[in-house]
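Engineer: Residues per chain are reported as follows:
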Amino acid sequence: MRTTAPDVSASGPLSYDVVIVGGGAAGLRAAIAVAETAPALSVAIVSKVYPMRSHTVSAEGGAAAVIKDVDSLDEHFRDTVSGGDWLCDQDAVEFFVEEAPKELLRLEHWGCPWSREPDGHVAVRPFGGMKQQRTWFAADKTGFHLLHALFQTSLKHQQIVRHDEWFATKLLVDDGRVGGVAGIELATGRIETIAAKAVILCTGGCGRVYPFTTNANIKTGDGMALAYRAGGPLKDMEFVQYHPTGLPFTGILITEAARAEGGWLLNRDGYRYLQDYDLGKPEPHPVFKSMELGPRDRLSQAFVKEMEKGRTIPTSYGPIVHLDLRHLGEQTIDTKLPFVRELCRDYERIDPVRELIPVRPVVHYMMGGVHTDIDGAAGVAGLYAAGETACVSINGANRLGSNSLPECLVFGARAGEAAASHAASAPGPAASLAAQAADERRRLEELLRRDGGRERVSTLRQEMQAAMEAGAGIYRSRDDLVKSVDRVHELQDRFRSVRLTDHSLTFNTELIAALELEFMLEVAGSILHSALMREESRGAHQRVDFPRRDDEQFLAHSLICRNDDGSWRIEYPPVTITRWPPGERVYGR
Amino acid sequence: MRTIALRVARYRPEDETEPTMQEYEVPLREDWAVLDGLNHIKDHLDGTLSYRWSCRMGICGSCGMTVNGEPKLTCGTFLTDYAPGPVTVEPLRNFPVVRDLVVDISDFMGKLPTVSPWIVDSEDAAPAEGEHLQTPEELDEYQQYSMCINCMLCYSACPVYGLDQDFLGPAAIALAQRYNLDSRDHGAHQRVDVLSAADGVWSCTFVGECTTACPKGVDPAGAIQRYKLTAATESVKSLLMPWGRRSDLPRPSGADQDNNAWSREVR
Amino acid sequence: MTSYQPPMSLFWWLRRRSYFFFAVRELSSVFVAWFVVYLLLLGHAVASGEAAYREFVEWSARPWLLGLNLVALVFVVFHAVTWFRLAPQAMVVRVGGRRAPPLWVAAGHYAAWVVVSALVVWVVLA
Numbered sequence: 001m002r003t004t005a006p007d008v009s010a011s012g013p014l015s016y017d018v019v020i021v022g023g024g025a026a027g028l029r030a031a032i033a034v035a036e037t038a039p040a041l042s043v044a045i046v047s048k049v050y051p052m053r054s055h056t057v058s059a060e061g062g063a064a065a066v067i068k069d070v071d072s073l074d075e076h077f078r079d080t081v082s083g084g085d086w087l088c089d090q091d092a093v094e095f096f097v098e099e100a101p102k103e104l105l106r107l108e109h110w111g112c113p114w115s116r117e118p119d120g121h122v123a124v125r126p127f128g129g130m131k132q133q134r135t136w137f138a139a140d141k142t143g144f145h146l147l148h149a150l151f152q153t154s155l156k157h158q159q160i161v162r163h164d165e166w167f168a169t170k171l172l173v174d175d176g177r178v179g180g181v182a183g184i185e186l187a188t189g190r191i192e193t194i195a196a197k198a199v200i201l202c203t204g205g206c207g208r209v210y211p212f213t214t215n216a217n218i219k220t221g222d223g224m225a226l227a228y229r230a231g232g233p234l235k236d237m238e239f240v241q242y243h244p245t246g247l248p249f250t251g252i253l254i255t256e257a258a259r260a261e262g263g264w265l266l267n268r269d270g271y272r273y274l275q276d277y278d279l280g281k282p283e284p285h286p287v288f289k290s291m292e293l294g295p296r297d298r299l300s301q302a303f304v305k306e307m308e309k310g311r312t313i314p315t316s317y318g319p320i321v322h323l324d325l326r327h328l329g330e331q332t333i334d335t336k337l338p339f340v341r342e343l344c345r346d347y348e349r350i351d352p353v354r355e356l357i358p359v360r361p362v363v364h365y366m367m368g369g370v371h372t373d374i375d376g377a378a379g380v381a382g383l384y385a386a387g388e389t390a391c392v393s394i395n396g397a398n399r400l401g402s403n404s405l406p407e408c409l410v411f412g413a414r415a416g417e418a419a420a421s422h423a424a425s426a427p428g429p430a431a432s433l434a435a436q437a438a439d440e441r442r443r444l445e446e447l448l449r450r451d452g453g454r455e456r457v458s459t460l461r462q463e464m465q466a467a468m469e470a471g472a473g474i475y476r477s478r479d480d481l482v483k484s485v486d487r488v489h490e491l492q493d494r495f496r497s498v499r500l501t502d503h504s505l506t507f508n509t510e511l512i513a514a515l516e517l518e519f520m521l522e523v524a525g526s527i528l529h530s531a532l533m534r535e536e537s538r539g540a541h542q543r544v545d546f547p548r549r550d551d552e553q554f555l556a557h558s559l560i561c562r563n564d565d566g567s568w569r570i571e572y573p574p575v576t577i578t579r580w581p582p583g584e585r586v587y588g589r
Numbered sequence: 001m002r003t004i005a006l007r008v009a010r011y012r013p014e015d016e017t018e019p020t021m022q023e024y025e026v027p028l029r030e031d032w033a034v035l036d037g038l039n040h041i042k043d044h045l046d047g048t049l050s051y052r053w054s055c056r057m058g059i060c061g062s063c064g065m066t067v068n069g070e071p072k073l074t075c076g077t078f079l080t081d082y083a084p085g086p087v088t089v090e091p092l093r094n095f096p097v098v099r100d101l102v103v104d105i106s107d108f109m110g111k112l113p114t115v116s117p118w119i120v121d122s123e124d125a126a127p128a129e130g131e132h133l134q135t136p137e138e139l140d141e142y143q144q145y146s147m148c149i150n151c152m153l154c155y156s157a158c159p160v161y162g163l164d165q166d167f168l169g170p171a172a173i174a175l176a177q178r179y180n181l182d183s184r185d186h187g188a189h190q191r192v193d194v195l196s197a198a199d200g201v202w203s204c205t206f207v208g209e210c211t212t213a214c215p216k217g218v219d220p221a222g223a224i225q226r227y228k229l230t231a232a233t234e235s236v237k238s239l240l241m242p243w244g245r246r247s248d249l250p251r252p253s254g255a256d257q258d259n260n261a262w263s264r265e266v267r
Numbered sequence: 001m002t003s004y005q006p007p008m009s010l011f012w013w014l015r016r017r018s019y020f021f022f023a024v025r026e027l028s029s030v031f032v033a034w035f036v037v038y039l040l041l042l043g044h045a046v047a048s049g050e051a052a053y054r055e056f057v058e059w060s061a062r063p064w065l066l067g068l069n070l071v072a073l074v075f076v077v078f079h080a081v082t083w084f085r086l087a088p089q090a091m092v093v094r095v096g097g098r099r100a101p102p103l104w105v106a107a108g109h110y111a112a113w114v115v116v117s118a119l120v121v122w123v124v125l126a
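Residue numbers (the numbering used here), protein chains in the order written: chain V, 1 to 589; chain E, 1 to 267; chain R, 1 to 126.
These are calculated hints, taken from the structure and not from any lab test.
Treat the hints with care, since some could be wrong.
Simulated restraints on C-beta separations [to be verified]:
1. R/Phe78 - E/Leu163: 19 to 25 Å
2. R/Leu125 - V/Asp119: 57 to 63 Å
3. V/Asp119 - R/Arg94: 17 to 23 Å
4. V/Pro314 - R/Phe78: 55 to 61 Å
5. E/Leu240 - R/Arg62: 38 to 44 Å
6. R/Phe78 - E/Gly69: 22 to 28 Å
Pulled from the structure, derived: some chain E residues nowhere near chain V, Cβ distances all over 10 Å [what the hints assert, rightly or not]:
7. Ala5
8. Ala125
9. Val236
Cut-off 20 Å, straight-line C-alpha distance, at most; resulting in silico cross-link-like pairs (SDA-like, lysine to any residue) [said to hold, decoys possible]:
10. V/Lys102 - E/Leu133
11. V/Lys156 - E/Pro113
12. V/Lys102 - E/Ala126
13. E/Lys237 - R/Met91
14. E/Lys216 - V/Arg341
This one's a predicted model, so the numbers in the text were calculated from it and none came from an experiment.
Glycine residues also receive a C-beta, built at the ideal position from the N, C-alpha and C atoms.
Chain V with its partners taken away, still in its complex shape (with noise of 0.2 Å):
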């Protein structure tokens, strides 16, 4: 039997005060957020997938916010800002570390099943980096529960429309000022445009430009590439985080909570090998900013070093080192790591109470994104985005475990209060607008019939992953920078003659794949070019030829922006020092 739903593209277009593209919790409180501040102003988020399929669900360990006595705002401050190496603006994690513990409040009264103690307050753990135990978990869930909390609230706000598995392909720009976004209706194949008055960028961030990520496949930095082809600037684009134990062949992420835990990192040998890496001595039980505790950058620095000296596992899927969870014991595991043990057992098939964790480094997260301020205002008039999308930045060149989360929703929530105060005051769309949005869709309608054209999407996709990961890994050098920005500059040559097979209108993926891919190759030029100018060595950023922070000459953001032709040109603007000048990173000790 065949139903055909009634058909609505003859209704006028599709106009709102505030649209926000990405339904993850960065998109998800910035709505409830204009649905909260400004009742009367309209709000959509289009989302390529259901909201409650966005990778936040991915996130195990916690949010890190200041709720107990014995912990300060200051601490969380200073943590942060020598986490990512000072290259973070001070003035945004000073306002970050305030508001985390109310929005994690707010999630609490939103009914996010928070871990507690006995007594019932909010329980935290140690997490790396961090000198307290400040990091809220539900259980290793976390971004789960978070994201179905906001989702399941965010039904309550009738005003809040949802345009669903909608893709969202190019910002409409006019003189400088956002007018809207035009898209295609996954379902129908329908291209859309919706006008609105400010958009918000939430759609995470782009760890699909590599090859062994533990983001999930819609992480193709979709927000990044649209600021950057609308004018809008990318910021620290060359700090990308790995995280130091991702299970091998899935790139599937075991948390840091494992390690918060007690658990121990081990070589070849069953050594606890970061003690070689001026990251403290080994202890029985976790020490905070100590050994397994370490920061992440250093973490994976270490085991590169570890491979070299021919200390780690050789596998089929490559090097790897043991996690060892087998001391905590079963009960530990149970009721801390509940989803480890899950993940080891559905996806490794062994049991991390009797087995080690086979774990390599993994890509894992953008420190950098859309250029913003602290209101999360982007370089376009109009243009807001948050989250790992954005780069405000409380990040630097290395983010902390469990500051990712609580910076989705405390920058998401001032992002939409910011587009709803602007919104609020904005004119109407501009007439010219329909231009624009009619040259999209011929762009996409040509693209969808196109039947010449020798190039695969999935070739494509692996050869530029292959680049990244050649030149913008854990270690970089300026030989293997230029190689791997020439294949990239070769690669979006050869899209331009990329094939479709699939002429579908309805549910086309290959179509979807083939933007995605574009946006990568975008987004992946921006790293490659961002690293290769960046001549020192400095949190994830780690350059062989550079090997030294230089502060003289890079105390700075690194601000690439695209000139019409393509072509790009970097801008290097202070970071924002507060109160705590740089110093050296101490761990350990």
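Could you slot chains E and R onto chain V? The hints should help.
Structural biologist: Just chains E and R now, with coordinates in the frame of chain V:
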């Protein structure tokens, strides 16, 4: 290299009036899931195959399909378990098929808000300044029901939903119970009408397949049976004490049932 | 949007054991209903005096009715067992603040069943 045959359901609404099966040979690797097989097809054999996937770690709920007749998350279902094959991959049952392995779940998305799946605050007390206290035991009361990833395997396994699409369904009811049993919630009263309606818990005849199919151990069947007991107790009480309050389920005080903005018609 | 609504096969209930039992339980409710009717008739006969009761007993001894009642008994037991199996999931019983194991709840139901049955047997035979 060893291979295994995947028999995949295809449906292209522009060209076909009903689904057909298409067979592909994919490598049979030790750690390949059915999803890896589909990705191999998409990337190397046939770019026109459509299906949903994202996190490939069993938490986003996108990749539910019918594998050899059983509803499964394809990212966590391994090809070697089906060797020597063939493995039949079809869209989830009980849903309209949009294209190939993609089903239309808008019916569920529409039902979700009707059970008020959010914390309803007490109207007696001002909103809490700090955290609500909730002991691990209180958390334990609803935690299991909070694990639902909305993957739709339970709807696919439920013959009642297959026969009657008006049935509220396992995941939606379990989610309502998740909030009913949360010590911070005061909204059980506004969920009672939807849950106790004919298309609510009473449509369930305890097949139990939803719980078997659930990849996250939510036990929606248990949630439904528990609510039946609650609903039955409620109606007996209101029968015996018609002069009393219609219900002593927690309700926001002062909220008149009829004027309550959140009370909604079942349909 | 055009979508394909797969038809539900006529024999869907044979695809799985649990589906089969589901179908059997649904259909066998007719027998459970008959059992209730029979009990009401019995009650009515008892209330109408000894003659009516004797007539009812004689009527009950007919082979077809015996057969019917035997089948009904089987299904009533089937319903009772499936109902008891479900009870631990529907009932949350707390003992000293802790949730009682499901097995206890089921055992409690069976124990109650035995006690009630024994009581009935005693009333009938004594």
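Engineer: Against this structure, judge whether each hint is valid.
Structural biologist: Cross-check of the supplied hints:
About 22 Å separates the C-beta atoms of R/Phe78 and E/Leu163, a value consistent with the hinted range of 19 to 25 Å. Roughly 58 Å separates the CB atoms of R/Leu125 and V/Asp119, a value that falls within the hinted 57 to 63 Å. At roughly 20 Å, the beta-carbon separation of V/Asp119 and R/Arg94 lies within the given 17 to 23 Å, and the hint holds. Between V/Pro314 and R/Phe78, the C-beta spacing of about 59 Å keeps the proposed range 55 to 61 Å intact.
At roughly 41 Å, the beta-carbon separation of E/Leu240 and R/Arg62 lies within the given 38 to 44 Å, and the hint holds. A hinted range of 22 to 28 Å for the beta carbons of R/Phe78 and E/Gly69 is consistent with their spacing of about 26 Å. For E/Ala5, the requirement that its beta carbon stay farther than 10 Å from each beta carbon of chain V is met, with the minimum near 21 Å. Taking the minimum C-beta to C-beta distance to chain V, about 12 Å, the non-interface status of E/Ala125 holds against the 10 Å cut.
At the 10 Å boundary, the C-beta of E/Val236 stays outside the reach of chain V, the nearest C-beta of that chain being 30 Å off. As the CA atoms of V/Lys102 and E/Leu133 are separated by approximately 16 Å, the hinted pair is consistent with the 20 Å bound. About 7 Å separates the Cα atoms of V/Lys156 and E/Pro113, which keeps this hinted pair within 20 Å; it holds. Note on V/Lys102 and E/Ala126: the hinted pairing holds, with a Cα-Cα distance of about 17 Å set against a maximum of 20 Å.
As the CA atoms of E/Lys237 and R/Met91 are separated by approximately 17 Å, the hinted pair is consistent with the 20 Å bound. Between E/Lys216 and V/Arg341 the CA atoms are separated by roughly 13 Å; this keeps the pair inside 20 Å, and the hint holds.
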